[in-house]
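Asks: From first to last, the protein sequence lines stand for chains B and U. Following the numbering used here, the numbering of the first sequence begins with 1 at its first residue and continues without gaps. Following the numbering used here, the numbering of the second sequence begins with 1001 at its first residue and continues without gaps.
By construction, these hints were calculated from the structure, which means they are not laboratory data. Treat the hints loosely; a few may be bogus.
The calculated lysine-lysine pairs, modelled on DSS-like cross-linking and capped at a C-alpha distance of 30 angstroms, are [stated by the list, open to error]:
{"no.": "1", "chain 1": "B", "residue 1": "197", "chain 2": "B", "residue 2": "93"}
{"no.": "2", "chain 1": "U", "residue 1": "1227", "chain 2": "U", "residue 2": "1012"}
{"no.": "3", "chain 1": "U", "residue 1": "1523", "chain 2": "B", "residue 2": "36"}
{"no.": "4", "chain 1": "U", "residue 1": "1396", "chain 2": "B", "residue 2": "5"}
{"no.": "5", "chain 1": "U", "residue 1": "1622", "chain 2": "B", "residue 2": "165"}
{"no.": "6", "chain 1": "B", "residue 1": "34", "chain 2": "B", "residue 2": "261"}
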Amino acid sequence: MAGVKELEKEVIGAGLCTSCGACIGICPYINVVKDKVVVIEPCGITDGRCYRFCPRTSSDLTILSESIFGSKRSNFTMGHHTSVEMAQATDPKVRSSSQYGGVVSALISHALNSGLIDEAVLTKPFDDGFMPDPCIARDEDEVLECTRSNYIAAPTLKNLNEAIKERDGDIGVVGTPCQVLAIRKMQMQDLSDTRLKLVIGLFCTWAVPYNEFYDYLNDKIDLNSVNRLDIPPPPKEALVATDEDGKVELPLEDIRDIVKKTCRICYDMTSEFADISVGMVEGMEDWNTLIVRTQKGAELVRSAISEDVIRVEPLDDARYNHLHEASLNKKKRAIEAIVKRTKNEEDLSYLNISKEERDAVS
Amino acid sequence: MQSVDVDEPGKKVLLMGNEAMARGAIEAGVNFCTAYPGTPSSEILETLAKVGESNGIYTEWSTNEKVALEAAGAAAFTGLRAMTSMKHQGVNVCSDFLATVNLTDTRGGFVLVACDDPGGHSSTQEEDTRNFARSFDIPLLEPATIQEAKDMVKWAFTLSEELKLICMMRSVTRISHARGNVELGEIVRVERRASTPMVDIFTSMPPATRHPALHRKLEKAGKLFEKSEFNWYVGPKDAEFLIITSGTGWVYSQEALKLLGLQDEVGTLKLGTTWPLPEKLVSGHLKHAKDVIIIEEIDPFLEQNVKILTAEMAFEIGPIKFYGKRSKHIKDTGEINVDSVIKALTKIKNTDYKPRDEEYASKVKKLVGSVPARTLGFCAGCPHRASFWAIKTAIKWDGRDAYDCGDIGCYTLGIGPAGFMQLKTIHCMGSGIGLATGFGNLERFGFDRPVIAVAGDSTFYHACIPALINARYNSANVLFIILDNSATAMTGFQPHPGTGTDSRGHETPVMSPERICEGIGVKTVTCDPFDFEETTRTIYDKLQEDGTRAVVLRRTCAIIEDRKRERRPKVYVDQSKCIGDECGCVRFCSRVFNCPGIVWDAENEKAKIDEVICTGCGACAKLCPQDAIIVESMEGEN
Chain B
1 MAGVKELEKE VIGAGLCTSC GACIGICPYI NVVKDKVVVI EPCGITDGRC YRFCPRTSSD
61 LTILSESIFG SKRSNFTMGH HTSVEMAQAT DPKVRSSSQY GGVVSALISH ALNSGLIDEA
121 VLTKPFDDGF MPDPCIARDE DEVLECTRSN YIAAPTLKNL NEAIKERDGD IGVVGTPCQV
181 LAIRKMQMQD LSDTRLKLVI GLFCTWAVPY NEFYDYLNDK IDLNSVNRLD IPPPPKEALV
241 ATDEDGKVEL PLEDIRDIVK KTCRICYDMT SEFADISVGM VEGMEDWNTL IVRTQKGAEL
301 VRSAISEDVI RVEPLDDARY NHLHEASLNK KKRAIEAIVK RTKNEEDLSY LNISKEERDA
361 VS
Chain U
1001 MQSVDVDEPG KKVLLMGNEA MARGAIEAGV NFCTAYPGTP SSEILETLAK VGESNGIYTE
1061 WSTNEKVALE AAGAAAFTGL RAMTSMKHQG VNVCSDFLAT VNLTDTRGGF VLVACDDPGG
1121 HSSTQEEDTR NFARSFDIPL LEPATIQEAK DMVKWAFTLS EELKLICMMR SVTRISHARG
1181 NVELGEIVRV ERRASTPMVD IFTSMPPATR HPALHRKLEK AGKLFEKSEF NWYVGPKDAE
1241 FLIITSGTGW VYSQEALKLL GLQDEVGTLK LGTTWPLPEK LVSGHLKHAK DVIIIEEIDP
1301 FLEQNVKILT AEMAFEIGPI KFYGKRSKHI KDTGEINVDS VIKALTKIKN TDYKPRDEEY
1361 ASKVKKLVGS VPARTLGFCA GCPHRASFWA IKTAIKWDGR DAYDCGDIGC YTLGIGPAGF
1421 MQLKTIHCMG SGIGLATGFG NLERFGFDRP VIAVAGDSTF YHACIPALIN ARYNSANVLF
1481 IILDNSATAM TGFQPHPGTG TDSRGHETPV MSPERICEGI GVKTVTCDPF DFEETTRTIY
1541 DKLQEDGTRA VVLRRTCAII EDRKRERRPK VYVDQSKCIG DECGCVRFCS RVFNCPGIVW
1601 DAENEKAKID EVICTGCGAC AKLCPQDAII VESMEGEN
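Sequences and hints are given; from them, build the entire structure.
Replies: Here's what the structure looks like:
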């Protein structure tokens, strides 16, 4: 059992906070400023939700898997799933305003339209002085304001906490792998979230801290006019910023230098505990990779296809294998980085995985 | 209470020491009274202000003690009787003028009343202002009773006029704030007109001639003091054991002698004029004494002066064993009392007298064990609590551990739990922003913390403005936060330049800290500290800027606000929403924000509003994570 003191020491103070927002909005003691989580004063409690919900405190993937998927954790590379396909929103308007194929926007809009959820907890990029801003969407127009990414982690889950605490409707969330992990820990430990009906996870390799990223970009481009940031698949090795005047390419190695410390110990590229995971497809800007993991996720996708909201195509083997490899590589890097920190091969810090899994990813 | 200006000589009335001093000034026909409030001196001018208009007395709350003394000095130059009162630290503030006006020939009686606070009950330090009298060659009077407090002030004007020199009177907390019967004297009513003499120059220059002249005045004072009715001796003729005392020591020593049954053995020389010493009077008693104990509060002032005299007259006086502060029989800090005198006398006399029964200490300890510890706290509804919560939050948000220099006022408590330990320095009026101008220029030497200074509105006018100018002039990186509660709250809500009234209740131009700051070129924004979000955000944003900048947090003192209202908004806790000790709150309102208006209902394990204390400000309702604190709307009320 532990509380905010331990959270401050082991996670925030150690530079491992993911800025997911799971600990924000549940009490008056923890605040967030841009992407920086700060403890105003320790509350003194020895068993705090802040600590329990945090994706960087002990997370037992075996138990989580059993609780979410009702089955033993078997796919150690990409997490439990029932299908991996390519997908895109059928509406070109949705696709053009989205990062890739617009599948996340289309599915969330569909969930809202079909009454599966009443509100969606999303993130609006480029909002508060280039800082992505957690927001709530209740219809398609609001969803389309929350497309795209700027690679800065936003404390989106503070809005989930707010929605749970203050409102009655059913909720859907779109989050990064760390946020999905936090959401599932919240669900396992807190019963107040039976209204959480849908979790769409994004693929994520890393995020950057606001201040450093802002300072880096501010030297090079006019941040006010940037409306899209993108990291095209290898071998490009660049961050492409698009503004009204065109595109600027920035070397990826510069950005890798400022990647959040906590992302280096992240074990999950594909949001393995989501209902549905969505990411890009190598070399196909207009499409997404779509991983369906739960029955709930499968039902939503089925209904979205049948109502012509999205269309799917099979993902070819080469691309599937690349995805598989990328996901596994992230795990390997994470374990290496964790062991480097703990200086103990057996101590994987927050990550609690079975011996079988450890052997499989090593 | 009867008005302090009642014209009934011989009548006995119960007066507070400070009221008695005001009465003394009224009896002397004082014309011009100035002061800056400060405990334990504030009631002197307050009392005079109440009756000033009807007695032709001008009263003024000055912006600080230096201008107070200077303004009164002008009146004394023109032949009016003038008085300035202040707490001991005020004498430090006005000391620059004091150290020059002493060289000036004044005309009307000019009296400075300094009220010391031994032990520093209401001060950031303790100090013996008698040393100023010695340093600056100023005659000094020390009242020992409330009656004397009145009589001495009255006489001080006569003395000042006779010497053409400012005179000082030193009171202490237990004179200023004690009450006693006072026999009223005649109110002298003289019509005085302010005028300048033919040679209308008033100056300390040239010191080469003025300083020797001052010494002659002091010698004259010493001669006058030989016959002063404020000095007397009681006890056996030619007592070998002699107490020399002044101020509160007189009453304490007499009570101690009585309890010890030593009145017939020990003589007491009580001095009311302590600088310069009435040397003949003192040496006359020293001649018959073999053991001498000197009883006084704070410094060994009398003790040193008596010892110097003894050394000078060693052949006439003969050997004496001295006791006092130097011998550690009387403590040289803090207040003294009857017990400390008894302790000293029994130690010297080697007798066994216990002022209390043997068990007393253990009994007290037992009782004290059951009394809950109390820390100094802000009043219910105090805006400072809200301000400090916002400051604390903003500093945490900023993450660079901003360094917050404090100042003098209610908000000084910000150094403790009441203000969430936010203040890091506390010294004297205006020194917060002064220190901050230094801290704010230390980045070049590696000091990497952002710098904040806080000051109250009255303190701002008193001593912050030159420091703020210094900060701006020297490009100090300082965020200056003015905690404007529209009053000199700590000393009793006296008006100041920002309040729109003066000591007499007359309307005055309202000065604005914002406009003064802007005039200096310091960008200033204003927030309501009860708007936590905006206040915190503003302080945070300002912390990101460089240079000298200011934020005014304005919200009237809760006590003033409360007095103005006929009815308070009702605030209550919806206990069905309150989660008390659970994760998500952990008694935030009653444990952390800690307004005394909110209490812990132990029976229900929920928060509860103490309706007697709660002022209805609703600040807690804005912070409650469960929205469980409800503020009833006042709308519809007439």
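Asks: Now look at each hint and say whether the structure bears it out.
Replies: Hints versus structure:
1. With a C-alpha separation of about 26 angstroms, the suggested pair residue 197/B and residue 93/B falls inside the 30 angstroms cut-off, and the hint holds.
2. Our distance criterion of 30 angstroms between C-alpha atoms is met by residue 1227/U and residue 1012/U, whose separation comes to about 26 angstroms.
3. With a C-alpha separation of about 28 angstroms, the suggested pairing of residue 1523/U with residue 36/B holds against the 30 angstroms cut-off.
4. Between residue 1396/U and residue 5/B, the direct Cα distance comes to roughly 15 angstroms. Compliance with the 30 angstroms bound is thereby established for this hinted pair.
5. In summary, the hint linking residue 1622/U to residue 165/B is supported, as the alpha carbons are separated by about 16 angstroms, within the 30 angstroms threshold.
6. Only pairs whose Cα atoms come within 30 angstroms are accepted, and residue 34/B paired with residue 261/B is accepted, the gap being roughly 17 angstroms.
Consistency note: the structure conflicts with none of the earlier hints.
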